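Starting from the known structure of chain A, fit chain B onto it as the hints suggest.
Chains as they are written, first to last, in our numbering: chain A, 57 to 404; chain B, 57 to 404.
None of these hints come from the bench; they were simulated from the model.
Note that this is a predicted model, so its numbers are computed, not measured.
Every residue gets a Cβ at the ideal spot worked out from N, C-alpha and C, and that includes glycine.
One thing to keep in mind: the hints can contain errors.
Claimed, not checked - Dumping the calculated SDA-like pairs for lysine to any residue here, alpha-carbon to alpha-carbon at most 20 Å:
no.: 1; chain 1: B; residue 1: Lys67; chain 2: A; residue 2: Pro209
no.: 2; chain 1: B; residue 1: Lys312; chain 2: A; residue 2: Pro171
no.: 3; chain 1: B; residue 1: Lys312; chain 2: B; residue 2: Ser323
no.: 4; chain 1: B; residue 1: Lys165; chain 2: A; residue 2: Lys302
no.: 5; chain 1: A; residue 1: Lys312; chain 2: B; residue 2: Asp170
no.: 6; chain 1: A; residue 1: Lys312; chain 2: B; residue 2: Pro171
no.: 7; chain 1: B; residue 1: Lys366; chain 2: B; residue 2: Ala398
no.: 8; chain 1: A; residue 1: Lys67; chain 2: B; residue 2: Gly311
no.: 9; chain 1: A; residue 1: Lys312; chain 2: B; residue 2: Gly166
no.: 10; chain 1: A; residue 1: Lys312; chain 2: B; residue 2: Ser323
no.: 11; chain 1: A; residue 1: Lys165; chain 2: B; residue 2: Lys366
no.: 12; chain 1: A; residue 1: Lys67; chain 2: B; residue 2: Ala213
no.: 13; chain 1: B; residue 1: Lys165; chain 2: A; residue 2: Val399
no.: 14; chain 1: B; residue 1: Lys165; chain 2: A; residue 2: Gly59
no.: 15; chain 1: B; residue 1: Lys165; chain 2: A; residue 2: Ser235
no.: 16; chain 1: A; residue 1: Lys165; chain 2: B; residue 2: Val228
no.: 17; chain 1: B; residue 1: Lys67; chain 2: A; residue 2: Lys165
no.: 18; chain 1: A; residue 1: Lys165; chain 2: B; residue 2: Gly234
no.: 19; chain 1: A; residue 1: Lys95; chain 2: A; residue 2: Lys302
no.: 20; chain 1: B; residue 1: Lys312; chain 2: A; residue 2: Trp167
no.: 21; chain 1: B; residue 1: Lys165; chain 2: A; residue 2: Asp233
no.: 22; chain 1: A; residue 1: Lys302; chain 2: A; residue 2: Val399
no.: 23; chain 1: A; residue 1: Lys67; chain 2: B; residue 2: Leu208
no.: 24; chain 1: A; residue 1: Lys165; chain 2: B; residue 2: Ser323
no.: 25; chain 1: B; residue 1: Lys67; chain 2: A; residue 2: Arg206
Unchecked claim - One side of the interface only, derived from the structure: several residues of chain A facing chain B at Cβ under 7 Å:
no.: 26; residue: Met57
no.: 27; residue: Ser70
no.: 28; residue: His138
no.: 29; residue: Leu187
no.: 30; residue: Ala381
There are 2 protein chains.
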Amino acid sequence: MAGALRDFFRKRRSLVEPVGTEFRSAVNHLEDFVLRGGKRVRPTFAWAGWLGAGGHVDAPGTHNVLAACASLELIQACALIHDDIIDNSRTRRGFPTLHVEFARQHRDKGWGGDPEAFGEAAGILIGDLALAWADDMFHGSEIGTDARQRALPVWAAMRTEVLGGQLLDIVVEASGDGSHGSALKINRFKTAAYTVERPLHLGAAIAGADDALISAFRTFGADIGIAFQLRDDLLGVFGDPATTGKPSGDDLRAGKRTALLAYALESADASRPGAAATLRSAVGTDLSEADVDSLRSLIISLGAVARVEKQIADLTDRALTALHASSASSGTKDALHAMALAVTRRTY
Amino acid sequence: MAGALRDFFRKRRSLVEPVGTEFRSAVNHLEDFVLRGGKRVRPTFAWAGWLGAGGHVDAPGTHNVLAACASLELIQACALIHDDIIDNSRTRRGFPTLHVEFARQHRDKGWGGDPEAFGEAAGILIGDLALAWADDMFHGSEIGTDARQRALPVWAAMRTEVLGGQLLDIVVEASGDGSHGSALKINRFKTAAYTVERPLHLGAAIAGADDALISAFRTFGADIGIAFQLRDDLLGVFGDPATTGKPSGDDLRAGKRTALLAYALESADASRPGAAATLRSAVGTDLSEADVDSLRSLIISLGAVARVEKQIADLTDRALTALHASSASSGTKDALHAMALAVTRRTY
Chain A
57 MAGALRDFFR KRRSLVEPVG TEFRSAVNHL EDFVLRGGKR VRPTFAWAGW LGAGGHVDAP
117 GTHNVLAACA SLELIQACAL IHDDIIDNSR TRRGFPTLHV EFARQHRDKG WGGDPEAFGE
177 AAGILIGDLA LAWADDMFHG SEIGTDARQR ALPVWAAMRT EVLGGQLLDI VVEASGDGSH
237 GSALKINRFK TAAYTVERPL HLGAAIAGAD DALISAFRTF GADIGIAFQL RDDLLGVFGD
297 PATTGKPSGD DLRAGKRTAL LAYALESADA SRPGAAATLR SAVGTDLSEA DVDSLRSLII
357 SLGAVARVEK QIADLTDRAL TALHASSASS GTKDALHAMA LAVTRRTY
Chain B
57 MAGALRDFFR KRRSLVEPVG TEFRSAVNHL EDFVLRGGKR VRPTFAWAGW LGAGGHVDAP
117 GTHNVLAACA SLELIQACAL IHDDIIDNSR TRRGFPTLHV EFARQHRDKG WGGDPEAFGE
177 AAGILIGDLA LAWADDMFHG SEIGTDARQR ALPVWAAMRT EVLGGQLLDI VVEASGDGSH
237 GSALKINRFK TAAYTVERPL HLGAAIAGAD DALISAFRTF GADIGIAFQL RDDLLGVFGD
297 PATTGKPSGD DLRAGKRTAL LAYALESADA SRPGAAATLR SAVGTDLSEA DVDSLRSLII
357 SLGAVARVEK QIADLTDRAL TALHASSASS GTKDALHAMA LAVTRRTY
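Next up, chain A with everything else stripped away, as it sits in the complex (with noise of 0.2 Å):
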């Protein structure tokens, strides 16, 4: 993936070099940004996809197919520098955020204007830049007229649906609309479509699946998807700094709206008005270490985590049946299989 990712980059030199220094230090930005990290779990499930509706590593074009499914690594790389502006992160896979960057590189240049300002305009212009990119890298893939013809519309409904989760999360952050069901949707669209079921999805079309399969692959990529944000919704919460590399307890004081919360606070609006009180007052706001735990204590004793957990047992069943059910090939069953056990797994 990294290799299609830097030849795609090194093609794109002949555009870059004419606009100047200034772009060409920006476009090395984001090539440090793609290249140096993240776990490639889109690109992966992409491969799976083709990979498990018959896709052969050894056949003619293959690296068509693998620059197709890097191409996600892009629109991936937008999410993030535009997110880490909406929820003005200062940190991301350990180096400064890319409008946090840009700011420093204004301050130290002693530029005139506001540097915040500025570096959150870098970082929407160079997220504008990759997601238009990977659309040239995906388009300019060239794995064939009818293989492209198959997984336009997977491509079109990836990115729709992306972004349509991204607006409800927003939304429903603002609003304060605490339902699990707003949660879960944000889930299914902002994560689940996004991260495995569409990419599965996509590198099925390519390879030309039949229709059961494609269903299959995407119950599954919905399940696994939803019990992965679920995971990492009890994370948030419960999981350890060391792993997590967050503070324990983030997301109570960041607020998140997630359906663990949620859970908690149906259960509590049901049989105990004075811990919902206490949760809806607490959450998001500066909580000390001693107010997380009894959080903590709280939610669990609310029964939310066991129904979390419950929840995420379920879906991973659901979508190892599903899975196994198919026609998909068996090395691919095993490794989606792993990568479902994997990304789902309680780990605190």
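For chain B alone, coordinates are given in the frame of chain A:
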């Protein structure tokens, strides 16, 4: 053009509906923004490029070419929505800018958090959606495999160049780089390539134009595009508010780094240091009408206006010479000639 865009938005409904009312509302705002307005300059040039290279309005598949050209309006929607965030602009096309509109909704509904931050987040995401949908509309336009193959590198260059030009623009503004070389480079990539040269090139590539015609269109487009921006720079200082819709002398108050200002500073530095100091200290501040008037006289007396007018005339001449020497169809030559004069003529 509006019909093709309306059609595209209609077909997107099946993707938008499942995400829910919040997303549908955001998409409706985008659709209103795209359909409401603008002069459709880029699709018109792309269409002219196609016609000029042998496209026929009554040929089968013409509506597909129209859709491919109309997709440029979605790129422009992203560019404007994100630019308005970057420039902190309050109004656009006679309406509140998108981020201002979403901040208002946030405020009206009494939601939590900062209304301005919410507005910006919504604007970033809706701009991203416009950019992703531009690609979907273009690549879904069924112009044929060969035409698509020819158009692909032009499409890629256009989006890369405009983002490169915008990045250069924010760096030049922040760094206070007052050289006319930088100003002209921004004109070249942010305006000329994106507005005239590449749209013409795109249409011609779809039609299968030969290298000589493409070269002529690109010369015409680059020259007229730069001349158009130079005229816009003059209007930003000398324009009648009734015509431009902006306060008189707005570019002087905003401190915009135009070629006009660069020429004035270069001339002053060479012969009138006092005038140079006056210009540097005044530009970018909250100027009175009288201040603006005296800066105008100063800029004229430094010969900067005459230099820009000469450059516009030279560029227009060169562009028209290339156009008329080309193999473009005669109807298109007439249309492009008229458009060239319309976008570069003196109107104040």
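Against the structure, the hints:
A distance of roughly 12 Å separates the Cα atoms of Lys67 of chain B and Pro209 of chain A; the hinted pair therefore holds under the 20 Å criterion. Between the alpha carbons of Lys312 of chain B and Pro171 of chain A the distance comes to roughly 18 Å, so the proposed pair stays at or under 20 Å and holds. Straight-line distance between C-alpha atoms of Lys312 of chain B and Ser323 of chain B comes to about 18 Å, which keeps the hinted pair within the 20 Å bound. Restraint check for Lys165 of chain B and Lys302 of chain A: not satisfied, since their Cα atoms lie roughly 32 Å apart, outside the 20 Å limit.
Note on Lys312 of chain A and Asp170 of chain B: the hinted pairing holds, with a Cα-Cα distance of about 16 Å set against a maximum of 20 Å. This hinted pair checks out: Lys312 of chain A and Pro171 of chain B have alpha carbons roughly 18 Å apart, not beyond 20 Å. Using a Cα cut-off of 20 Å, the hinted pair Lys366 of chain B and Ala398 of chain B holds, with the two alpha carbons roughly 17 Å apart. Note on Lys67 of chain A and Gly311 of chain B: the hinted pairing is violated, with a Cα-Cα distance of about 37 Å set against a maximum of 20 Å.
At roughly 19 Å between alpha-carbon atoms, Lys312 of chain A and Gly166 of chain B fall within 20 Å of each other, so this suggested pair holds. Annotation: proposed proximity of Lys312 of chain A to Ser323 of chain B is violated, straight-line Cα distance about 58 Å (limit 20 Å). Our distance criterion of 20 Å between C-alpha atoms is broken by Lys165 of chain A and Lys366 of chain B, whose separation comes to about 36 Å. Distance restraint check for Lys67 of chain A and Ala213 of chain B: the Cα-Cα separation of roughly 12 Å lies within the 20 Å cut-off, and the hinted pair is therefore satisfied.
Note on Lys165 of chain B and Val399 of chain A: the hinted pairing is violated, with a Cα-Cα distance of about 38 Å set against a maximum of 20 Å. Under the criterion of a C-alpha separation no larger than 20 Å, the hint pairing Lys165 of chain B with Gly59 of chain A is inconsistent with the structure, at around 49 Å. Pair hint Lys165 of chain B plus Ser235 of chain A holds up; C-alpha atoms about 18 Å apart against a cutoff of 20 Å. For the hint pairing Lys165 of chain A with Val228 of chain B, the CA-to-CA distance comes to about 13 Å; that is within 20 Å, so the pair holds.
Between the alpha carbons of Lys67 of chain B and Lys165 of chain A the distance comes to roughly 48 Å, so the proposed pair goes past 20 Å and is violated. Between Lys165 of chain A and Gly234 of chain B, the direct Cα distance comes to roughly 16 Å. Compliance with the 20 Å bound is thereby established for this hinted pair. Note on Lys95 of chain A and Lys302 of chain A: the hinted pairing holds, with a Cα-Cα distance of about 17 Å set against a maximum of 20 Å. For the hint pairing Lys312 of chain B with Trp167 of chain A, the CA-to-CA distance comes to about 15 Å; that is within 20 Å, so the pair holds.
Distance restraint check for Lys165 of chain B and Asp233 of chain A: the Cα-Cα separation of roughly 13 Å lies within the 20 Å cut-off, and the hinted pair is therefore satisfied. Taking the CA atoms of Lys302 of chain A and Val399 of chain A, the gap is near 18 Å; set against the 20 Å cutoff, the hint holds. Of the pairs offered as hints, the one joining Lys67 of chain A and Leu208 of chain B holds, with about 14 Å between alpha carbons and a cut-off of 20 Å not exceeded. In summary, the hint linking Lys165 of chain A to Ser323 of chain B is not supported, as the alpha carbons are separated by about 27 Å, beyond the 20 Å threshold.
Simply put, Lys67 of chain B and Arg206 of chain A have alpha-carbon atoms about 17 Å apart, close enough for the 20 Å limit, and the pair holds. Look at Met57 of chain A: its Cβ only gets to about 21 Å from chain B, farther than 7 Å, so that hint breaks. With its C-beta approaching chain B no nearer than about 9 Å, Ser70 of chain A sits outside the 7 Å limit, and its interface hint is violated. Checking His138 of chain A against chain B by beta carbon gives a least distance of about 5 Å; that is within 7 Å, so the hint holds.
Contact between Leu187 of chain A and chain B, as hinted, is supported at the beta carbon level, the nearest pair being about 6 Å apart and thus within 7 Å. Because the beta carbon of Ala381 of chain A sits about 25 Å from the nearest beta carbon in chain B, more than 7 Å, this interface hint is broken.
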